[in-house]
Amino acid sequence: MLLDMELKGNILVVRPEGELDLTAAETFRKKVDEAMAASGALHLLIALEKVEFIDSSGLGAILGRYKQVTDRKGRVALAGASPAVRRVLELAGLPRIMKLYREEKEALREMAAEAS
Amino acid sequence: MLLDMELKGNILVVRPEGELDLTAAETFRKKVDEAMAASGALHLLIALEKVEFIDSSGLGAILGRYKQVTDRKGRVALAGASPAVRRVLELAGLPRIMKLYREEKEALREMAAEAS
Amino acid sequence: MKKRLNWVKFQFAARPENIALARVAAASFASQLDWNLADLDEIKVAVSEAVSNAIIHGYDRNPEGVVELEMSLLEGEVLEFIVRDSGKGIPDVKQAMEPAFSTLPDSMGLGFTFMQSFMDELEVESSPGRGTTVTMRKKFPAEAGV
Amino acid sequence: MKKRLNWVKFQFAARPENIALARVAAASFASQLDWNLADLDEIKVAVSEAVSNAIIHGYDRNPEGVVELEMSLLEGEVLEFIVRDSGKGIPDVKQAMEPAFSTLPDSMGLGFTFMQSFMDELEVESSPGRGTTVTMRKKFPAEAGV
Ligand SMILES: Nc1ncnc2c1ncn2[C@@H]1O[C@H](COP(=O)(O)OP(=O)(O)O)[C@@H](O)[C@H]1O
Ligand SMILES: Nc1ncnc2c1ncn2[C@@H]1O[C@H](COP(=O)(O)OP(=O)(O)O)[C@@H](O)[C@H]1O
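Chains as they are written, first to last, in this note's numbering: chain Y, 46 to 161; chain D, 46 to 161; chain R, 951 to 1096; chain C, 951 to 1096.
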């Protein structure tokens, strides 16, 4: 799985690409944890624009990051899910625990505003 | 397989879409023969812009149309093959017996000019 | 028993890399019927869950395990997907199928919930030490909306 | 024998609709190695030819026939594709493999030529009345040019 990452202030933006299934979930988990530690970021924004498929393994990886980041008092948000991906997220009740923005830009703006 | 067809003067332009394999070849054969008969067209232009895949069954269907049309003194040309499709056509030696144009428009212009 | 009009069956090593292959094969097989994209996506999720479970739970990720996926087109435009493993089996199937139940600490326990939501029928047969068979069916056209 | 690192095997009804499925499965399996698009396309053509032959020639299009496609990733980054049918077999394999040889009037006789051109190795075993096995191998990375 391809995974693009960028640090914006104290927010780490990660942009996975392709299919977020069991194989990809393992890479995602490892790379995001490493980057959170290395960058010193407090918050995490997962931009899903380029995710074409997600199943419960992918969701599990997102939820795992959520637990770690919120344990350290950070916030996690999602952005840009396609209708198909959004249906899976909703069925799992994810929008009840983290914010789901339409676009990465909008998410960044709000997260930065809340953080300041 | 989707197959778009259009009569331009005495040239029938057919535009198959998708994968030209054994399944598609049967539809292609039947529909093109019917349209040649119904339209009274003399020549045939096969526009391959939207063909993503071709194997020897697809080539066989093209070659079969070639035999029928040239038997009735018509001409057959191909246009718009992608690099992948072109490689298969070339390996089969098709460019030695029928003309392979880059674009449908160019093919139509030349065929119309030669016919007049 | 409904008549089987077409079928494909495959076996593969219990490796995570092969889950993607099972999904594309399922979507390709399903394309015999004229599903819309949302339905195809649901089929992919359900098959992905069943195959992932066989690998993670059935075989505890041992790649020597063999997973089988059998897909059939039945009379009446019904697609059937059967996922089989010869792994460790499920002691209490009813409990396992409950939403949020999982025997792994980091898992959400939603695999069966997704299979149930995205297919019309779900049957699970399992015997501890011998393996698990998950049968899912989806009727074309899909009923509207989730 | 080279060690097998991953494998997928499938059986399907000898129906033309399943050729597309065999191709996508082959491309998906091949994607474990980082082939470029042209190589993937060659793999698809070769598998398509072998499976089409099993259906058209092996079983004379009888959909009750069963085709088997076995794909393996071997040590040394070699992909192996084995296509098997239990159909009528080939009396003279050497002749059958010659370019432009075909027992069907409307066929071009180029199936084996394509398999040979697009793969690094091609082996054909057949016994009349019992069936045919076609084994193809392609080494990664592909050698440049055709
Ligand atoms: N093929 C299988 N073999 C053994 N146990 C299984 C299998 N499939 C599911 N299970 C059991 O059922 C439980 C619930 O499965 P599921 O709803 O998919 O959630 P999850 O996979 O997140 O645990 C699993 O935690 C596991 O204990
Ligand atoms: N699986 C098979 N079973 C029986 N005969 C076969 C099989 N594959 C190939 N053949 C024979 O070999 C010949 C040449 O095959 P091929 O090069 O693919 O050309 P084509 O398929 O166009 O005839 C076929 O015409 C057929 O007689």
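Please note that a few of the clues may not be correct.
Some but not every residue of chain R turned toward chain Y, in silico, with C-beta under 10 Å [as the list claims (entries may be wrong)]:
1. 987
2. 998
3. 1063
4. 1089
Below are the BS3-like pairs computed for lysine-lysine, each with C-alpha atoms no more than 27 Å apart in a straight line [stated by the list, open to error]:
5. 75/D / 53/D
6. 959/R / 952/C
7. 953/R / 959/C
8. 1038/R / 952/C
9. 95/D / 95/Y
10. 76/Y / 150/Y
11. 144/D / 53/D
The set of hints was computed from the structure by calculation and includes no laboratory data.
The C-beta atom is built at its ideal place from N, Cα and C for all residues, glycine as well.
(message) Are any of the numbered hints broken by this structure? If so, which, sorted upward?
(response) 4 and 8
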